[in-house]
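Here's the letter readout for the chains.
There are 2 protein chains.
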Amino acid sequence: MQKVTASIITIGDELLIGQVIDTNSAWMSQQLNNIGVWVQHRVAVGDVRNDIRHALDEEGRRSDIILITGGLGPTADDITKPLLCEYFGGRLIMHQPTLEHVTYLFEQVFKRPGAMLERNKKQAEVPDVCTVLKNERGTAPGMLFEKDGKVFISMPGVPHEMQGIMKDHVFELIRKRYSMPRIGHRTLLTAGQGESMLAEMIQSWEAALPTNIKLAYLPNYGMVRLRLTGMGEKEQVEHELNKQFDLLKQLVHAYLVTDEDIPMNEVVGRLLKALGKIVTTAESCTGGYIAHLLTSIPGSSAYFHGGVVSYDNRIKQHLLGVKAATISRYGAVSAETVTEMANGALALMQTDYVIAVSGIMGPDGGSEDKPVGTVWVAVGNKDRIETKKLWFRFDRKRNIELTAINALNLLRIFILTNGSA
Amino acid sequence: MQKVTASIITIGDELLIGQVIDTNSAWMSQQLNNIGVWVQHRVAVGDVRNDIRHALDEEGRRSDIILITGGLGPTADDITKPLLCEYFGGRLIMHQPTLEHVTYLFEQVFKRPGAMLERNKKQAEVPDVCTVLKNERGTAPGMLFEKDGKVFISMPGVPHEMQGIMKDHVFELIRKRYSMPRIGHRTLLTAGQGESMLAEMIQSWEAALPTNIKLAYLPNYGMVRLRLTGMGEKEQVEHELNKQFDLLKQLVHAYLVTDEDIPMNEVVGRLLKALGKIVTTAESCTGGYIAHLLTSIPGSSAYFHGGVVSYDNRIKQHLLGVKAATISRYGAVSAETVTEMANGALALMQTDYVIAVSGIMGPDGGSEDKPVGTVWVAVGNKDRIETKKLWFRFDRKRNIELTAINALNLLRIFILTNGSA
Numbered sequence: 038m039q040k041v042t043a044s045i046i047t048i049g050d051e052l053l054i055g056q057v058i059d060t061n062s063a064w065m066s067q068q069l070n071n072i073g074v075w076v077q078h079r080v081a082v083g084d085v086r087n088d089i090r091h092a093l094d095e096e097g098r099r100s101d102i103i104l105i106t107g108g109l110g111p112t113a114d115d116i117t118k119p120l121l122c123e124y125f126g127g128r129l130i131m132h133q134p135t136l137e138h139v140t141y142l143f144e145q146v147f148k149r150p151g152a153m154l155e156r157n158k159k160q161a162e163v164p165d166v167c168t169v170l171k172n173e174r175g176t177a178p179g180m181l182f183e184k185d186g187k188v189f190i191s192m193p194g195v196p197h198e199m200q201g202i203m204k205d206h207v208f209e210l211i212r213k214r215y216s217m218p219r220i221g222h223r224t225l226l227t228a229g230q231g232e233s234m235l236a237e238m239i240q241s242w243e244a245a246l247p248t249n250i251k252l253a254y255l256p257n258y259g260m261v262r263l264r265l266t267g268m269g270e271k272e273q274v275e276h277e278l279n280k281q282f283d284l285l286k287q288l289v290h291a292y293l294v295t296d297e298d299i300p301m302n303e304v305v306g307r308l309l310k311a312l313g314k315i316v317t318t319a320e321s322c323t324g325g326y327i328a329h330l331l332t333s334i335p336g337s338s339a340y341f342h343g344g345v346v347s348y349d350n351r352i353k354q355h356l357l358g359v360k361a362a363t364i365s366r367y368g369a370v371s372a373e374t375v376t377e378m379a380n381g382a383l384a385l386m387q388t389d390y391v392i393a394v395s396g397i398m399g400p401d402g403g404s405e406d407k408p409v410g411t412v413w414v415a416v417g418n419k420d421r422i423e424t425k426k427l428w429f430r431f432d433r434k435r436n437i438e439l440t441a442i443n444a445l446n447l448l449r450i451f452i453l454t455n456g457s458a
Numbered sequence: 038m039q040k041v042t043a044s045i046i047t048i049g050d051e052l053l054i055g056q057v058i059d060t061n062s063a064w065m066s067q068q069l070n071n072i073g074v075w076v077q078h079r080v081a082v083g084d085v086r087n088d089i090r091h092a093l094d095e096e097g098r099r100s101d102i103i104l105i106t107g108g109l110g111p112t113a114d115d116i117t118k119p120l121l122c123e124y125f126g127g128r129l130i131m132h133q134p135t136l137e138h139v140t141y142l143f144e145q146v147f148k149r150p151g152a153m154l155e156r157n158k159k160q161a162e163v164p165d166v167c168t169v170l171k172n173e174r175g176t177a178p179g180m181l182f183e184k185d186g187k188v189f190i191s192m193p194g195v196p197h198e199m200q201g202i203m204k205d206h207v208f209e210l211i212r213k214r215y216s217m218p219r220i221g222h223r224t225l226l227t228a229g230q231g232e233s234m235l236a237e238m239i240q241s242w243e244a245a246l247p248t249n250i251k252l253a254y255l256p257n258y259g260m261v262r263l264r265l266t267g268m269g270e271k272e273q274v275e276h277e278l279n280k281q282f283d284l285l286k287q288l289v290h291a292y293l294v295t296d297e298d299i300p301m302n303e304v305v306g307r308l309l310k311a312l313g314k315i316v317t318t319a320e321s322c323t324g325g326y327i328a329h330l331l332t333s334i335p336g337s338s339a340y341f342h343g344g345v346v347s348y349d350n351r352i353k354q355h356l357l358g359v360k361a362a363t364i365s366r367y368g369a370v371s372a373e374t375v376t377e378m379a380n381g382a383l384a385l386m387q388t389d390y391v392i393a394v395s396g397i398m399g400p401d402g403g404s405e406d407k408p409v410g411t412v413w414v415a416v417g418n419k420d421r422i423e424t425k426k427l428w429f430r431f432d433r434k435r436n437i438e439l440t441a442i443n444a445l446n447l448l449r450i451f452i453l454t455n456g457s458a
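Heads up: the sequence lines are chains F and H, in that order. Residue numbers 38 to 458, in my numbering, belong to the letters of the first sequence in order. Residue numbers 38 to 458, in my numbering, belong to the letters of the second sequence in order.
Keep in mind that the hints were calculated from the coordinates and are not lab data. Note that this is a predicted model, so its numbers are computed, not measured. Some hints here could point you the wrong way.
Just so you know, same-sequence chains aren't split out, so a pair can sit in one copy or run between any two.
In silico lysine-lysine, DSS-like type, Cα no more than 30 Å apart, as pairs [as the list claims (entries may be wrong)]: (1) Lys360 - Lys314; (2) Lys360 - Lys310; (3) Lys286 - Lys204; (4) Lys158 - Lys251; (5) Lys251 - Lys159; (6) Lys360 - Lys419.
Model the full structure from these sequences, guided by the hints.
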């Protein structure tokens, strides 16, 4: 059994000038890791011949599998395919099955046969030294090259096309070619305690971890995920991971949100689904983001039927029945206002639970009394509404995200401590 | 005048197993590019001594400025600081101003003086060979090292802390140290035409571009951004970019959405603001995401007062007045239903414009007649509602995003072609 290593090369000026965030690398890393491949290096280079060549040389020396994304589009700024052809000592030939597939896409899927141009046809050209990996979702095929015992796989940078090629071909190819060690992960999510304090709590356990098990602290949104990674023979590593994970869960029990690697919105969704309860939202400062998080989970219609975005005071009053006097006396960002928003939404939407938020997300709108980042959250049911003031010191985007995640966590705690409604 | 180059090294196993998406690199690249630094290489390595060392060696040879993020947290999985200390030939000493800052944060900002542990104090230790860059937003300071004429800057991986150190110190340091060529960008957004067709339309113009101006095609959300990048002496490059950008705008005029590098939600927001008009949203399948996009722009309260997430038919009927007969005859995903949703939302929210969407985002819920990805969008005002059927062939997340962006674009076109309400 060998340790199989991989490198990822992403090609494209748009990555280096920061116009595009690289989500492909994270997805590929995650998936490869799951099947036991250790991604040890990732590199991003621009559309520059020498830089691409150099990356191929270097990563080819470093890793067993080299995955390359980007640079395969139909337009003139793409130089990757000719370069790969030259690098692996081939010449470009028309690949008939790919040409038929491109034609099929234009005629049957895009329904625009007339839009197929010479440059689209050229996407069916491949180096004669590669194995073509069919791209069901687009016109640029994947290409597999071998050199000095190393495998190079080039794929387009469009995320769902790359993911399709990986699922349709690459994982299977890797599984067939290598006998791999097991890489296992266990991740839990904690809330309410910082990274340092958690580290203190689990210090002696951490020091006694076997050498093939690693612990990582992943702080995010004011919460901390703890991840155990183990590598080795499958049964042994799974057994050891389970044992250590159980110990860890006991140690952080008081702050444990979930022992699965799922986000807060999914934790709350599962809880509601298990109880057969419905939640609604009344959002001011988060502007629909909490509803979006809830509905981004498939099957969320089981516990979310709708919500109100009451961004302006007019809507808070008109739709949710918040009293004008409450807003003028306490302000739109107050315990009193979010309580009335919550009660109004419960009545309007006829649900079991409610989340209501009102705050100042920035960059403007703060005052000495209520600085930017001040948020009031209300969670509850028809019998009881609880409110909490939060304060985040970040930019608008992050303040919105933190408000949403923390509001969901407050609902979770409410449900767990107050029983079902 | 020299070409100043930079490399970015990100450190952390969480990046290589794909548990975290690297947004730092994009932000750093963008900002550096703006001040004229050319980021030519990005590399991600795990928490592995040899890999970090090797990356420092390699990027130190390659670039003038090496920016390093990650690996500076207070917990045991961080090995970066001792390694940097060793690499640059120093020893760790307690940095008194940083210790005072960490103490201040725990006492005055976190309001938890008792939570300050030995491991937090250790964050104030720095190699005696570095220049400390104060981190106003966290406990781990930035550190600047020099070696063989190259500048290495190490920062924590928490995005807002890294960004703070860059803004407070790094940009100014770079500007003082180097005299840089101008790197300028011009970006426009098109909709309604594919990458290949655009390429045909601008072919001869593109072929005649001066060598210091590069064109890139950046397809996203079914739209295509075109970006010109120029490098050289400031006045000359700005002049040439303006000239070429004007030509490009004329060529793609029929498909031009905006000639600024802003997203669709901001384009629509600016249009509404300029007209002094208000929009509301009635969202089924997008579950609040359109409202979120609108309100993620600062100042959006000028044109968005609120919206309804009517995820379930019950809410569509009860709150928006969609007739039960309409849903049972045509289905919830139909021109008829989104038209009634739109009219209901206009009446409920008393706004000038409305966007209503209903569709099947997947993975389940599709039928032969209405497969996953089918969406009906309605946009309009009290005088006129227009509907359009869309179909996306992607996963839930991407279907939601595409629906939202395209619905906003349909509203934009409605406003431009129907005049103000």
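Going down the list of hints, with the structure as the test:
Taking identical chains as interchangeable, the C-alpha atoms of Lys360 and Lys314 lie at most 30 Å apart whether they share a chain (28 Å) or sit on different chains (26 Å). For the homomeric pair Lys360 and Lys310, the shortest alpha-carbon distance between copies (28 Å) is at most 30 Å, but the shortest distance inside one copy (33 Å) is not. Taking the closest pair of Cα atoms, Lys286 and Lys204 never come within 30 Å of each other, the shortest separation being 33 Å inside a single copy and 40 Å across copies. In the homo-oligomer, the alpha carbons of Lys158 and Lys251 lie at most 30 Å apart only across protomers (24 Å), although the nearest pairing inside one protomer, at 49 Å, exceeds that limit.
In the homo-oligomer, the alpha carbons of Lys251 and Lys159 lie at most 30 Å apart only across protomers (22 Å), although the nearest pairing inside one protomer, at 47 Å, exceeds that limit. In this assembly of identical chains, Lys360 and Lys419 lie within 30 Å of each other by CA distance both inside one copy and across copies; the values are 18 Å within and 29 Å between.
The structure does not agree with numbered hint 3 stated previously, though it agrees with all others.
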